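Peer 1: Here is what each chain is made of, one letter per residue.
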Amino acid sequence: NTSKFKDLSKRVTLYLDGELSKEEERELLLEIQKNPQYVQLLGKEQNFREFIKSRLQRKKVSPTLVQSIKDKIRTAN
Amino acid sequence: MVTMEKNIKDKIFEEELIPQIDALYNFAYHLTYNEDDANDLVQDTYLKAYRFIASYEVGTNAKAWLFKILKNGFINNYRKKTKQPTKVDYQEIVNFHAEEDDTNYSSYMDLRQEIFQGMMGDEITIAINSLEVPFRTVILLCDVEGFKYDEISKILDVPIGTVRSRLHRARNMLKDKLREYAESMGYSDNRN
Chain P
1 NTSKFKDLSK
11 RVTLYLDGEL
21 SKEEERELLL
31 EIQKNPQYVQ
41 LLGKEQNFRE
51 FIKSRLQRKK
61 VSPTLVQSIK
71 DKIRTAN
Chain X
1 MVTMEKNIKD
11 KIFEEELIPQ
21 IDALYNFAYH
31 LTYNEDDAND
41 LVQDTYLKAY
51 RFIASYEVGT
61 NAKAWLFKIL
71 KNGFINNYRK
81 KTKQPTKVDY
91 QEIVNFHAEE
101 DDTNYSSYMD
111 LRQEIFQGMM
121 GDEITIAINS
131 LEVPFRTVIL
141 LCDVEGFKYD
151 EISKILDVPI
161 GTVRSRLHRA
171 RNMLKDKLRE
181 YAESMGYSDN
191 RN
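In the order they appear, the protein sequences are chains P and X.
Residue numbers for the first sequence follow the working numbering, beginning at 1 and rising by one.
Residue numbers for the second sequence follow the working numbering, beginning at 1 and rising by one.
Please keep in mind that the hints were generated in silico from the structure rather than gathered at the bench.
Please note that a few of the clues may not be correct.
Claimed, not checked - Here's a subset of chain X near chain P, in silico, CB distances under 7 Å, partners left out:
| id | residue |
| --- | --- |
| 1 | Ile21 |
| 2 | Asp22 |
| 3 | Asn26 |
| 4 | Tyr29 |
| 5 | Tyr33 |
| 6 | Asn39 |
| 7 | Gln43 |
| 8 | Tyr50 |
| 9 | Phe52 |
| 10 | Asp143 |
| 11 | Val144 |
| 12 | Tyr149 |
Predicted model, so just to flag it, every value in this text is computed and none were measured.
We treat Cβ as the ideally placed atom computed from N, Cα and C, and that holds for glycine.
With these hints in hand, go ahead and build the complete structure from the sequences.
Peer 2: Encoded structure:
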């Protein structure tokens, strides 16, 4: 059970990172559906990723920087 | 270097490179934690990209190409700040699309977050900020920017196995740091 859970954890990680083939994804999701513990694992991992992402994705560039870059390129030309 | 008509360069720059600027700025900011440094890093990245635009293959992964230039710029700036004279050779940008990429920036492993300034207040951000640069970088590239392992491997000049192990370690470090705080926010981690 422990090694099976570890193997599944690894595959969940690969799935969430977009590294599984369509066939591997299908197999994983079928396996997860059969076991509530695995559903919980997938849910927690997804929450964790969203949690992190929401804290890091908050900075946008100022329009003046874009203009400054274009001006410098125009001057260089 | 292959020469390219100015209007073609401008078209590629405007249509393929400029749209990536928010993602680049976000990456730069989370590497430097300083708005001025992040602006400088993004500006330098775009000026270098324009200069080397003939080596960019239109329609390929503009975002990964720009991220690689920015990462190299960050390393060079870091070395300036720590008075280490070694420079990344931007000629390797030209070889970005080559099948064999034998460049080795093992010194990247040695980077420490001495320029980290920890300006933001909440505990989650502090936990992320406290990760050393190589670990924070893979989290940013994978979890925020959605790059695949092979793309991250190219951007960072490390083997895919290293990308995987850094991601695994970074996420575990974050989970350890965040567990107490996350539980107080209603997120529980009952790992064995």
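Peer 1: Compare the structure with each hint and give your call.
Peer 2: Quick rundown of the hints versus the structure:
{"no.": "1", "hint": "Ile21", "in the structure": "holds, 5 Å"}
{"no.": "2", "hint": "Asp22", "in the structure": "holds, 5 Å"}
{"no.": "3", "hint": "Asn26", "in the structure": "holds, 5 Å"}
{"no.": "4", "hint": "Tyr29", "in the structure": "holds, 5 Å"}
{"no.": "5", "hint": "Tyr33", "in the structure": "violated, 11 Å"}
{"no.": "6", "hint": "Asn39", "in the structure": "holds, 5 Å"}
{"no.": "7", "hint": "Gln43", "in the structure": "holds, 5 Å"}
{"no.": "8", "hint": "Tyr50", "in the structure": "holds, 5 Å"}
{"no.": "9", "hint": "Phe52", "in the structure": "violated, 13 Å"}
{"no.": "10", "hint": "Asp143", "in the structure": "holds, 5 Å"}
{"no.": "11", "hint": "Val144", "in the structure": "holds, 5 Å"}
{"no.": "12", "hint": "Tyr149", "in the structure": "holds, 6 Å"}
The structure fails hints 5, 9 (numbered hints given earlier, in ascending order).
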